[in-house]
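Participant: Now for the letters of each chain:
Protein chains: 2
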Amino acid sequence: MPGITIGDTVPNLEVETTQGRFKLHDYFADSWTILFSHPGDFTPVCTTELGMMAAYADEFSKRGVKLLGLSCDDIASHNEWIKDVEAYSGGHKVKYPIIADPNREIIKQLNMVDPDEKGPNGQQLPSRALHIVGPNKMVKLSFLYPATTGRNMDEVLRVVDSLQKAAKHKVATPVNWKPNEKVVISPSVNNDQAKEMFPQGFETTDLPSKKGYLRFTQV
Amino acid sequence: MPGITIGDTVPNLEVETTQGRFKLHDYFADSWTILFSHPGDFTPVCTTELGMMAAYADEFSKRGVKLLGLSCDDIASHNEWIKDVEAYSGGHKVKYPIIADPNREIIKQLNMVDPDEKGPNGQQLPSRALHIVGPNKMVKLSFLYPATTGRNMDEVLRVVDSLQKAAKHKVATPVNWKPNEKVVISPSVNNDQAKEMFPQGFETTDLPSKKGYLRFTQV
Chain A
1 MPGITIGDTV
11 PNLEVETTQG
21 RFKLHDYFAD
31 SWTILFSHPG
41 DFTPVCTTEL
51 GMMAAYADEF
61 SKRGVKLLGL
71 SCDDIASHNE
81 WIKDVEAYSG
91 GHKVKYPIIA
101 DPNREIIKQL
111 NMVDPDEKGP
121 NGQQLPSRAL
131 HIVGPNKMVK
141 LSFLYPATTG
151 RNMDEVLRVV
161 DSLQKAAKHK
171 VATPVNWKPN
181 EKVVISPSVN
191 NDQAKEMFPQ
201 GFETTDLPSK
211 KGYLRFTQV
Chain B
1 MPGITIGDTV
11 PNLEVETTQG
21 RFKLHDYFAD
31 SWTILFSHPG
41 DFTPVCTTEL
51 GMMAAYADEF
61 SKRGVKLLGL
71 SCDDIASHNE
81 WIKDVEAYSG
91 GHKVKYPIIA
101 DPNREIIKQL
111 NMVDPDEKGP
121 NGQQLPSRAL
131 HIVGPNKMVK
141 LSFLYPATTG
151 RNMDEVLRVV
161 DSLQKAAKHK
171 VATPVNWKPN
181 EKVVISPSVN
191 NDQAKEMFPQ
201 GFETTDLPSK
211 KGYLRFTQV
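Chains as they are written, first to last, in UniProt numbering: chain A, 1 to 219; chain B, 1 to 219.
Only chain A is shown next, with the shape it has when bound in the complex (with noise of 0.2 angstroms):
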């Protein structure tokens, strides 16, 4: 049982957190939130992540996106380690949140277990999992990585763009898209309807199906 997916909501836990105790829907409240475990404090990736957080929080609290960390370790660690991470940042910040999880049982409900890896006890330990909760507080995108493999922060902002830009106009993204690059237009916005929401115009591909569905448009 992995727990929540993409389309769950994100239940509506209460938990400690280097900034104090909340339940995770006020923390939400009615904005995009960025939910992220890290296998341990004072660990190599987890370092270099969090501190890339903290360099890219601007850019995510520009696009009124909030941040919140989470590991299976307690809160006085969590404190003593952000030294590092913020040494290594060169000076940038650690404004966000981080739960502590010490009973494993946020890291369960929320999908965010590393099968491969386990504490000095042999506790579970969280992998480098990353949920984007939207506005309603239900999951629409999630990364699951190994405590291998360090995530890239440019492919979150990527995301991030992408589904604000779906939530606003009926489009989405293409593969490999950048921001500023064309989208394409909903399958379930006909023609004539297209001519209307998007008054700067669109192009067809042609293509051998001649069903013309591939609608480009810039928004």
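Mixed in with the good hints there might be a few duds.
[Claimed, not checked] Computed list of chain A residues with no C-beta within reach of chain B, every gap over 12 angstroms:
1) N12
2) T17
3) D114
4) I132
5) R151
6) E155
7) L163
8) N176
[Said to hold, decoys possible] Listed next, the stretches of chain A that the computed footprint assigns to chain B, with coverage defined by at least 3 CB atoms under 8 angstroms from CB atoms of chain B:
9) 3-11
10) 41-50
11) 93-107
12) 140-150
[Said to hold, decoys possible] Pairs of lysine-lysine, DSSO-like flavour, derived with a Cα cap of 27 angstroms:
13) A/K83 - B/K210
14) A/K182 - B/K83
15) A/K178 - A/K66
16) A/K95 - B/K108
17) B/K118 - A/K182
18) B/K93 - A/K211
19) A/K118 - B/K118
20) B/K182 - A/K118
21) A/K211 - B/K118
22) A/K165 - B/K118
23) B/K95 - A/K211
24) B/K170 - A/K118
25) B/K170 - A/K210
26) A/K210 - B/K93
27) B/K118 - A/K195
28) A/K108 - B/K137
29) A/K83 - B/K168
30) B/K118 - A/K168
31) B/K168 - A/K95
32) B/K108 - A/K93
33) B/K83 - A/K210
34) B/K137 - A/K170
35) B/K93 - A/K178
36) B/K211 - A/K83
37) B/K95 - A/K118
38) B/K137 - A/K210
39) A/K93 - B/K137
40) B/K137 - A/K118
None of these hints come from the bench; they were simulated from the model. Just so it is clear, the structure is predicted and the values come from calculations on it, not from any experiment. Positions of the beta carbon are idealized from the N, C-alpha and C atoms, including for glycine.
Please build the complex by placing chain B on the supplied structure of chain A, with the hints as guidance.
Facilitator: Chain B in isolation, oriented as in the chain A frame:
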């Protein structure tokens, strides 16, 4: 019940594909495999994705990685649609098989359902799920993207390189790592062992905790 997650063995389902019927484990054999779903044939993002997968196929093949697509359309539809995909991708041939799952059984078992998308008769549709399956037939890493967000094949290639490096050496890849950049030495390796394992040398980053856990090397 979202189906499989990282660490789970992919069930040995018998599948019907554009290249015949087979059991998943026979296809995987002892290779790495990328098992990926798309919401539907003759839809815009999917056409760009499967075309790009065809364009990147040689890169995956060089790394010994097999490809296996999946949607809920039938084989006749897949075969017609492949003509569009190949035309769009500038002539790159779709050489990998695509599973047909009209009964929606496989997508449920493989955690590939998109909660927000429905077919014309209210049927479930696949998400843009992508599981990287290791030679032991277990899921090592997963991307779970919704229909509106096309995947990034450069990120898929990057994590394949990371997973394969970590399978070969006692290392992990830091945040935003790219091939040929330095990797970090696993915390399970002490400094004496590291000197033997990495005769090319390694550098320990000086951090406030003085714990010496962040050690970079080149492999």
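Participant: Now look at each hint and say whether the structure bears it out.
Facilitator: Here is how each hint holds up against the structure:
With 12 angstroms as the threshold on Cβ separation, the claim that A/N12 sits away from chain B holds: the shortest Cβ distance comes to roughly 19 angstroms. Interface exclusion of A/T17 from chain B stands, the closest Cβ pair being 21 angstroms apart, more than 12 angstroms. Its closest Cβ contact with chain B, about 7 angstroms, brings A/D114 to no more than 12 angstroms, contrary to its assignment away from the interface. For A/I132, the shortest C-beta to C-beta distance to chain B comes to about 10 angstroms, within the 12 angstroms cut-off, and the non-interface label is violated.
Listed as outside the interface, A/R151 is inconsistent with that label: its C-beta sits roughly 6 angstroms from the nearest C-beta of chain B, within the 12 angstroms cut-off. Separation of A/E155 from chain B is inadequate, the least Cβ-Cβ distance of about 5 angstroms not exceeding the 12 angstroms criterion. The Cβ of A/L163 does not lie farther than 12 angstroms from every Cβ of chain B; its closest approach is about 6 angstroms, which violates its non-interface assignment. The beta carbon of A/N176 sits about 6 angstroms from the closest Cβ of chain B, which is not more than 12 angstroms, so the claim that it is off the interface is violated.
Coverage of the segment 3-11 of chain A by chain B holds in this model, with 6 residues showing a Cβ closer than 8 angstroms to a Cβ of that chain against a need of three. Counting residues of the segment 41-50 of chain A whose beta carbon lies closer than 8 angstroms to any beta carbon of chain B gives 7, which meets the minimum of three for the stated coverage. Residue count for the segment 93-107 of chain A with a Cβ under 8 angstroms from a Cβ of chain B: 0. That is fewer than the three needed, and the coverage hint is violated. Counting residues of the segment 140-150 of chain A whose C-beta lies closer than 8 angstroms to any C-beta of chain B gives 11; at least three are required, and the coverage claim holds.
For the proposed pair A/K83 and B/K210, the alpha carbon gap of about 11 angstroms is at most 27 angstroms, so the pair holds. Of the pairs offered as hints, the one joining A/K182 and B/K83 holds, with about 23 angstroms between alpha carbons and a cut-off of 27 angstroms not exceeded. Using a Cα cut-off of 27 angstroms, the hinted pair A/K178 and A/K66 holds, with the two alpha carbons roughly 22 angstroms apart. Restraint check: the Cα-Cα separation between A/K95 and B/K108 comes to about 39 angstroms, which exceeds 27 angstroms; the hinted pair is violated.
Only pairs whose Cα atoms come within 27 angstroms are accepted, and B/K118 paired with A/K182 is accepted, the gap being roughly 25 angstroms. Taken as a hint, the B/K93 and A/K211 pair is honoured in the structure, with Cα atoms around 20 angstroms apart against an allowance of 27 angstroms. At roughly 40 angstroms between alpha-carbon atoms, A/K118 and B/K118 are farther apart than 27 angstroms, so this suggested pair is violated. Of the pairs offered as hints, the one joining B/K182 and A/K118 holds, with about 25 angstroms between alpha carbons and a cut-off of 27 angstroms not exceeded.
With a C-alpha separation of about 20 angstroms, the suggested pairing of A/K211 with B/K118 holds against the 27 angstroms cut-off. At most 27 angstroms may separate the alpha-carbon atoms for a hinted pair to count; A/K165 and B/K118 meet this at roughly 20 angstroms. With a CA separation close to 23 angstroms, the supplied pair B/K95 and A/K211 stays within the 27 angstroms bound. This hinted pair checks out: B/K170 and A/K118 have alpha carbons roughly 16 angstroms apart, not beyond 27 angstroms.
Of the supplied pair hints, the one linking B/K170 and A/K210 is violated, its CA atoms being roughly 52 angstroms apart against a limit of 27 angstroms. For the proposed pair A/K210 and B/K93, the alpha carbon gap of about 19 angstroms is at most 27 angstroms, so the pair holds. With a C-alpha separation of about 24 angstroms, the suggested pairing of B/K118 with A/K195 holds against the 27 angstroms cut-off. Between A/K108 and B/K137 the CA atoms are separated by roughly 22 angstroms; this keeps the pair inside 27 angstroms, and the hint holds.
For the hint pairing A/K83 with B/K168, the CA-to-CA distance comes to about 32 angstroms; that exceeds 27 angstroms, so the pair is violated. About 20 angstroms separates the Cα atoms of B/K118 and A/K168, which keeps this hinted pair within 27 angstroms; it holds. Only pairs whose Cα atoms come within 27 angstroms are accepted, and B/K168 paired with A/K95 is rejected, the gap being roughly 36 angstroms. Simply put, B/K108 and A/K93 have alpha-carbon atoms about 42 angstroms apart, too far for the 27 angstroms limit, and the pair is violated.
As the CA atoms of B/K83 and A/K210 are separated by approximately 11 angstroms, the hinted pair is consistent with the 27 angstroms bound. For the proposed pair B/K137 and A/K170, the alpha carbon gap of about 38 angstroms is over 27 angstroms, so the pair is violated. Between B/K93 and A/K178 the alpha-carbon distance is near 25 angstroms, which keeps this suggested pair within the 27 angstroms criterion. Of the supplied pair hints, the one linking B/K211 and A/K83 holds, its CA atoms being roughly 12 angstroms apart against a limit of 27 angstroms.
Between B/K95 and A/K118 the alpha-carbon distance is near 40 angstroms, which puts this suggested pair outside the 27 angstroms criterion. A threshold of 27 angstroms between alpha carbons decides the hint, and for B/K137 with A/K210 the separation of about 40 angstroms lies outside it, so the pair is violated. The hinted pair formed by A/K93 and B/K137 fails the criterion: a straight-line CA distance of about 41 angstroms is larger than 27 angstroms. Between B/K137 and A/K118 the alpha-carbon distance is near 21 angstroms, which keeps this suggested pair within the 27 angstroms criterion.
In terms of the numbered hints stated before, the structure departs from hints 3, 4, 5, 6, 7, 8, 11, 16, 19, 25, 29, 31, 32, 34, 37, 38, 39, listed from lowest to highest.
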